[in-house]
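Asks: Next come the chains, spelled out residue by residue.
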Amino acid sequence: MLVAQLEPLPAALFSLLAIGSLLLSFVMLGSRWLRHYLFAFAAQSWLIAILSAAIGYYGGYPELYIVAVLTAAFRGLLLPYLIFRIIRRMLVHREVSVTLQVSSTIVIGAFAVIFALAVAYRIGSALNLGGTIAVLALTVMLSMKLIGFLMLSVRHEALSQILGLLVLENGVFLGAQILVPGMPLLIEIVILFDLLIVVACFGVLVRYLVAHVGTTSTLELKRLVG
Amino acid sequence: MMTVTGISALLLTLAPALAIVLILLIGKPRAAEAMNLAASAVSLAAILAILVRDDGTATFWGGYVIVDGLGTWAVLCAAIVYFLASLYAVHYMRLLGEEARLPRFYAMFAAFGLSTLVAPLMNNAGLYWIAVELTTLISTFLVAFEREPASIEAAWKYIIVVSAGISLALLGTVLFYWAGTFVIGPTYDMTWKVLHDAAPRLNPQLASLAFLLVLIGYGTKVGLAPMHTWLPDAHSEGPAPVSALLSGALLNTAMVGVVRYLAIADAAGISALARGTLLALGAFSLFVAALFIVRQKGVKRLMAYSSVEHMGVIALGFGFGGSLGVGGALYHMLNHSLNKSAMFFGAGAVMRAYGTKRIPGIRQVLKHFPVLGALWLAGAVAITGAPPFALFLSELAIIRAGLAASHYVLIGLMAVLLIVIFVGFLNQFRIMVFEDGKPCDPDVRAVTPLMIAPMALAIVPLLVMGLWWPQAFWDHFQTIALSLGGSPVSGTAP
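Going line by line, the protein sequences match chains E and G.
At position 28 of the first sequence (counting the first as 1) the number is 28 in my numbering, and the numbers step up by one without a gap.
At position 360 of the second sequence (counting the first as 1) the number is 586 in my numbering, and the numbers step up by one without a gap.
Honestly, I wouldn't trust all of these hints.
[Claimed, not checked] DSS-like cross-link-like pairs, simulated, lysine-lysine; straight-line CA separation at most 25 angstroms:
#, chain 1, residue 1, chain 2, residue 2
1, G, K523, G, K583
2, G, K583, G, K593
3, G, K593, E, K222
4, E, K222, G, K523
5, G, K593, G, K523
Think of the hints as simulated: they come from the structure by calculation, not from any bench.
Extracted from the complex, chain G is given alone in its bound form:
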């Protein structure tokens, strides 16, 4: 039986898959750009169709694929970033002077986009692990695309650290399966629902060990400190569209796994340990990010550490839990995806124009590039969580969730660190945007309207969503919170 949701889910994955084949067959750079862009647009339309219809949870293809609230939300974030990054890539990638390798780049890019769209919809814990591992393998080559020593170093560290981390998640997955065999029997399909239903009867000690392994494993991929070490390198050394996809799509994809296992841990009665660890990792991520943001010298590394910060915030949101915590964290996912894409687009454009990756070499962006500079600065204000942008609302919701759960010390710490990051991050922007320095002569022609448009497409919705939290989103978040084992709540968006 094919419903509209089923057809849309098929389109979602088929479009990039078809694009990969066609790009490789045709092998022309211009055609590759167009096909990748078209595929990303189709995927975005497909996930929007699924969300608008909202048929509830459905499984496809023998139960291996699940279209549920959490998965579709992460896919929405990924699809938006994939579309914006594809749009931005068209002119940006031409600046790299790698015309002959462009078709291969776009084939890999579409494959990476596809893998981040597929992974959140995996209904089987083992298949989810494989999908996450595939995202790493594909993106390694995108990080190494520029073939400079620094990019190769970043790619190497990326694949070593993340593969080692994710092998812990594999061990955790196996231990969860083993724990399940005592309840269900020696052979079963390890879907999220089966695990969740069996959770109350799992052995708590084994479940704790398994959960911690899974959390550290997928936490590596999410970029939670102290397993974040690959993140600044990989995010800063890949081409800008790749950085955007890594930060805006990949990290959320891995977060989905953490959240699904967190729900299982709750049901298994080891909530205190599970949430405590997640909160500790989240707070430590904020701390590490604050330290490195204040004294950062690389413009894209600045953005990368900001990703560590925001993943920490999202982890705190899910850790606090409740309808506010989950809702805030999910809203923050979308906001961060939009905002960080814009930030990486701006950083990439500025880096190309000034010919340097270092903050000291970038001066007076606003004077040389009025439109780009204004959007980039607005994005910087937004990403530090200042009103009237949407990240303010989602961070506020997470803080309120923390207060409701009586985590006063943690909230105090979070507030201080967010303020440190606010000051540190904006100070870096003050230097780049306004300060006079040694006269530099950026290449004004490097930045085209097609590179600025995706930034505007990301920043304007952030402003709108900062003034008005759509009720439809809130309802969707509440369905997700409910499916994760929360108590049913209604009410309106905060």
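Bound-form chain E, shown alone:
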């Protein structure tokens, strides 16, 4: 069990990276500019890549270096580049219609983190891991899930929804690295490829949306009800 026997220095480093990623998801919540979302997502992916490498180094999992490189390359460079191309082609730069003001969204996000902390705390004490980095990892994992869902429900621009989904998966990815660094490499690699396919799919769909529905705001998608 890696998390139970960490030296103070790596523990502090992991915590810093995890909290940094959580803060970046608040940056996404707090902005209405698509480009800011994208940069925050790319930065978050880089932090996760650094985290993978750090865990690989301190935990003795050399295969995590591969995961780190792939994360940086796919999630840190390729995915943002693909989405950036879509943004440029669509000429949509900011979220026009929001159901909730940015400030209220951030407050809800904060409550989500508190809820996640409560759950993580309970699980942590049930496992006798209270006070270790496991609780923090679980908190960040669950709160990024909740924040991702929040973004999905209050943002209507097609691209914000894609980024919301990616935040959902980033959360799992980050938590999984800390909690279960030994989870078979194969799965992590396939999940990375899987994401690439997801974004490719979305790219095609967004083009369909523009061409046939005439807008990328999902608020206009209300033909199918009942």
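Add chain G to chain E, keeping to what the hints say.
Replies: Chain G in isolation, oriented as in the chain E frame:
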């Protein structure tokens, strides 16, 4: 070592894979139809060979693939629907006037069929997740195939809702793995058996959280309410063969995951929470389906809500458990796959002939299309769970399982909702099949014998299986119930 089972499992997947490559290479619509159909026939024959030989549980390719009772049963359902839908697609897809894009459609269709055949046989919880995610990605494009605003809207909602849901299943999978590391050690292969064996020593709180996440995640894909919102859109806006495959093959594929995790939850000693949640989701699905079936205006949306209903029934069956519950639910899987395919085939044909998706625009089906109308009406009677069709037997078995487990309130609720659905669903059919309305002039030539044949191929077995529950099926169900942790029972089919 290659046994007959191994070779058949290889054929099962190789045939559609080969078809995809050939279709893309040749690129001719007629050749694509033929190759997809041939591939589906080979797959069906292969899974039948596996089931008939019944070598018991075996793993292949380094333990990543498992051929066991539950998996093969779900694959059988998927293979039957894939075959029937491929047969139906031949003439139906020609009606769409998309000749140039047909090869691409069939390549995607074969890929979708392949993904639903592969996913239930994944032996690793992580790989299973990936396979289920792949089914979504492939089918999104099939839903959007007609490129109308409504289909694109449906595809968008489908991929967003299901991907978000399934990411919860990923979180649950990771938490299960984490729970396992306390028992087994930091690195292990997360096969179903390893998890099941480790389950009694998992931390119950962590296991509960993980199970609930997995249930909500795969439950989204199964179409259990309240996570069903993508289902009516995707099922109603794709071409009819795609709707059949979504409803008859995909939903079962995801249900396999729920059932496998349910067995793990039982072994982990959190049965009360796990089964309680599954039963609640099942009952709520029935409730939502009943509400929307009664006042539905879209003909394929009617079928889609009926899928929500039947997934609810299956969830109740597995939730009640016991040999009757599991047996009934598995029988219901097959029956629903057959029946819903026929219903979607009929709906697609009628929609093309009348040129509308809306129930008010469809009148006097029986007068204009005697054979199609009769089969479609028989299918409607069957799908509401009326005797003498097989769904009656499987629903009865599930109700008996509920009574045996003393869930009297739930059974009462289920009975009332099934009756509401019976009345509501058949009333919609009464309107479409018999009622006079504004005179409409359907295109009689749109419906060909090749579109009616798959309906007959689905309805006739339902009638036979409604009169006689084959003992071989029952024995197979009992092996599955046993492998899921039930007590060994023998006895005869009810």
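Asks: Run every hint past the structure and note whether it holds.
Replies: Outcome of the hint check:
Of the pairs offered as hints, the one joining G:K523 and G:K583 holds, with about 9 angstroms between alpha carbons and a cut-off of 25 angstroms not exceeded. Distance check on the hinted pair: G:K583 and G:K593 sit about 19 angstroms apart at the alpha-carbon level, within 25 angstroms; holds. The suggested pairing of G:K593 with E:K222 is violated, with an alpha-carbon distance near 35 angstroms, which exceeds 25 angstroms. For the proposed pair E:K222 and G:K523, the alpha carbon gap of about 16 angstroms is at most 25 angstroms, so the pair holds.
About 21 angstroms separates the Cα atoms of G:K593 and G:K523, which keeps this hinted pair within 25 angstroms; it holds.
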